[in-house]
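Sequence positions in the sequence shown follow the working numbering and run 1 to 186.
Read the hints as simulated data drawn from the structure, not as lab findings.
On a predicted model such as this, the values are computed, not experimentally measured, just so you know.
Just so it is clear, CB atoms sit at the ideal spot from N, CA and C, and this is done for glycine as well.
Please note that the accuracy of each hint is not assured.
Below, a list of computed lysine-lysine pairs in the DSS-like style, where the Cα atoms sit at most 30 Å apart [claimed, not checked]:
| id | residue 1 | residue 2 |
| --- | --- | --- |
| 1 | Lys31 | Lys8 |
| 2 | Lys57 | Lys166 |
| 3 | Lys184 | Lys51 |
| 4 | Lys31 | Lys160 |
| 5 | Lys64 | Lys33 |
| 6 | Lys166 | Lys51 |
| 7 | Lys33 | Lys166 |
| 8 | Lys65 | Lys49 |
| 9 | Lys51 | Lys24 |
| 10 | Lys136 | Lys167 |
| 11 | Lys8 | Lys167 |
| 12 | Lys166 | Lys155 |
| 13 | Lys184 | Lys33 |
| 14 | Lys155 | Lys8 |
| 15 | Lys65 | Lys31 |
| 16 | Lys33 | Lys167 |
| 17 | Lys31 | Lys49 |
| 18 | Lys57 | Lys24 |
| 19 | Lys155 | Lys167 |
| 20 | Lys166 | Lys31 |
What follows is a set of in silico ranges between Cβ atoms, one per label pair, in the way DEER data are often shown [as the list claims (entries may be wrong)]:
| id | residue 1 | residue 2 | range |
| --- | --- | --- | --- |
| 21 | Phe53 | Asp134 | 35 to 41 Å |
| 22 | Leu16 | Pro74 | 37 to 43 Å |
| 23 | Ile50 | Asp134 | 32 to 38 Å |
| 24 | Asp26 | Phe129 | 39 to 45 Å |
| 25 | Ser96 | Ala56 | 18 to 24 Å |
| 26 | Pro74 | Phe53 | 29 to 35 Å |
| 27 | Asp52 | Lys166 | 29 to 35 Å |
| 28 | Lys155 | Phe53 | 33 to 39 Å |
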Amino acid sequence: MNTKTNIKNGVNVDNLIGTIEAIKGDSEIAKFKFRSQTNWINGGHCQTKIKDFYGAKTENTSRKKVLIIEGDEPAILLGSDNGANAVEALLHALASCLCTGFVYNASAQNITIKSLQFNLEGNIDLEAFLGLSDTKRAGYENITVAYSVDADAPKEQLEKLFEHVKKTSPVLDMICNPVPVSLKMV
Numbered sequence: 001m002n003t004k005t006n007i008k009n010g011v012n013v014d015n016l017i018g019t020i021e022a023i024k025g026d027s028e029i030a031k032f033k034f035r036s037q038t039n040w041i042n043g044g045h046c047q048t049k050i051k052d053f054y055g056a057k058t059e060n061t062s063r064k065k066v067l068i069i070e071g072d073e074p075a076i077l078l079g080s081d082n083g084a085n086a087v088e089a090l091l092h093a094l095a096s097c098l099c100t101g102f103v104y105n106a107s108a109q110n111i112t113i114k115s116l117q118f119n120l121e122g123n124i125d126l127e128a129f130l131g132l133s134d135t136k137r138a139g140y141e142n143i144t145v146a147y148s149v150d151a152d153a154p155k156e157q158l159e160k161l162f163e164h165v166k167k168t169s170p171v172l173d174m175i176c177n178p179v180p181v182s183l184k185m186v
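All chains should be built: construct the whole structure from the sequences, respecting the hints.
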């Protein structure tokens, strides 16, 4: 018997649906713990390494190599431009999460995506970061997300799809809602 894999937009839809069904049967499968280790290099330059994680009820060591993300500041902020700064990386994380959610959900709905682009902007006032203000926020004052999509579905369906993606995006949720963060010296 010859079975064809159901691939849509680069997503194995059969595996996606199988994962959802497995989680419906055992919600413990949905619990993941991601990890990273960041080391300072010089000035504003740091390097983050990501490899193993816990998920689907097991320690996952399937990544063949360590993922490396460089972080730095632009020259105007005293850096050497070896990578995106942390607030730029946050924009990347949000866009990447929205993009993945959009593609996975579109694929599950049998929508073919020809192109998908997210443009993000964040406004930040560095006075609090520099210790010059106790009244201003240290982080982004606001973030604007604009997206364009070319797909074989009506605009209304794509808008409804994006509304669902917004509700289910882990990164958007973490930005919009407080997350307990434990900070300690080890």
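These are the hints, each one checked on the structure:
The straight-line distance between the Cα atoms of Lys31 and Lys8 is roughly 26 Å, inside the 30 Å bound, and the hint therefore holds. Pair hint Lys57 plus Lys166 holds up; C-alpha atoms about 27 Å apart against a cutoff of 30 Å. For the given pair, Lys184 sits about 22 Å from Lys51 by alpha-carbon distance, which is consistent with the 30 Å threshold. Annotation: proposed proximity of Lys31 to Lys160 holds, straight-line Cα distance about 27 Å (limit 30 Å).
A distance of roughly 18 Å separates the Cα atoms of Lys64 and Lys33; the hinted pair therefore holds under the 30 Å criterion. At most 30 Å may separate the alpha-carbon atoms for a hinted pair to count; Lys166 and Lys51 meet this at roughly 27 Å. Only pairs whose Cα atoms come within 30 Å are accepted, and Lys33 paired with Lys166 is accepted, the gap being roughly 22 Å. A C-alpha spacing of about 10 Å is found between Lys65 and Lys49, which places the hinted pair at or below 30 Å, so the restraint holds.
Proposed proximity of Lys51 and Lys24 is supported: the alpha carbons are some 27 Å apart, at most 30 Å. Annotation: proposed proximity of Lys136 to Lys167 holds, straight-line Cα distance about 29 Å (limit 30 Å). A distance of roughly 22 Å separates the Cα atoms of Lys8 and Lys167; the hinted pair therefore holds under the 30 Å criterion. Between Lys166 and Lys155, the direct Cα distance comes to roughly 16 Å. Compliance with the 30 Å bound is thereby established for this hinted pair.
Under the criterion of a C-alpha separation no larger than 30 Å, the hint pairing Lys184 with Lys33 is consistent with the structure, at around 19 Å. Distance restraint check for Lys155 and Lys8: the Cα-Cα separation of roughly 19 Å lies within the 30 Å cut-off, and the hinted pair is therefore satisfied. Distance hint between Lys65 and Lys31 is fulfilled; the C-alpha atoms sit about 23 Å from each other, no more than 30 Å. For the proposed pair Lys33 and Lys167, the alpha carbon gap of about 21 Å is at most 30 Å, so the pair holds.
The straight-line distance between the Cα atoms of Lys31 and Lys49 is roughly 22 Å, inside the 30 Å bound, and the hint therefore holds. Using a Cα cut-off of 30 Å, the hinted pair Lys57 and Lys24 holds, with the two alpha carbons roughly 14 Å apart. The suggested pairing of Lys155 with Lys167 holds, with an alpha-carbon distance near 19 Å, which does not exceed 30 Å. For the suggested pair Lys166 and Lys31, the alpha carbons sit about 20 Å apart, so the restraint of at most 30 Å is met.
Remark: the range hint 35 to 41 Å for Phe53 to Asp134 is upheld by a beta-carbon distance near 38 Å. Taken as a hint, the range 37 to 43 Å holds for the pair Leu16 and Pro74, whose Cβ atoms sit roughly 38 Å apart. Distance hint check: the CB atoms of Ile50 and Asp134 are about 35 Å apart, consistent with the given range 32 to 38 Å. At roughly 44 Å, the beta carbons of Asp26 and Phe129 sit within the given window of 39 to 45 Å.
Taking the beta carbon of each, Ser96 and Ala56 are about 21 Å apart, inside 18 to 24 Å as hinted. Distance hint check: the CB atoms of Pro74 and Phe53 are about 31 Å apart, consistent with the given range 29 to 35 Å. Restraint check, Asp52 to Lys166: a C-beta distance of roughly 30 Å satisfies the suggested window 29 to 35 Å. Against the hinted window of 33 to 39 Å, the Cβ-Cβ separation of Lys155 and Phe53 comes to about 37 Å, which satisfies the hint.
Violation of the numbered hints given earlier is absent; every hint is satisfied by the structure.
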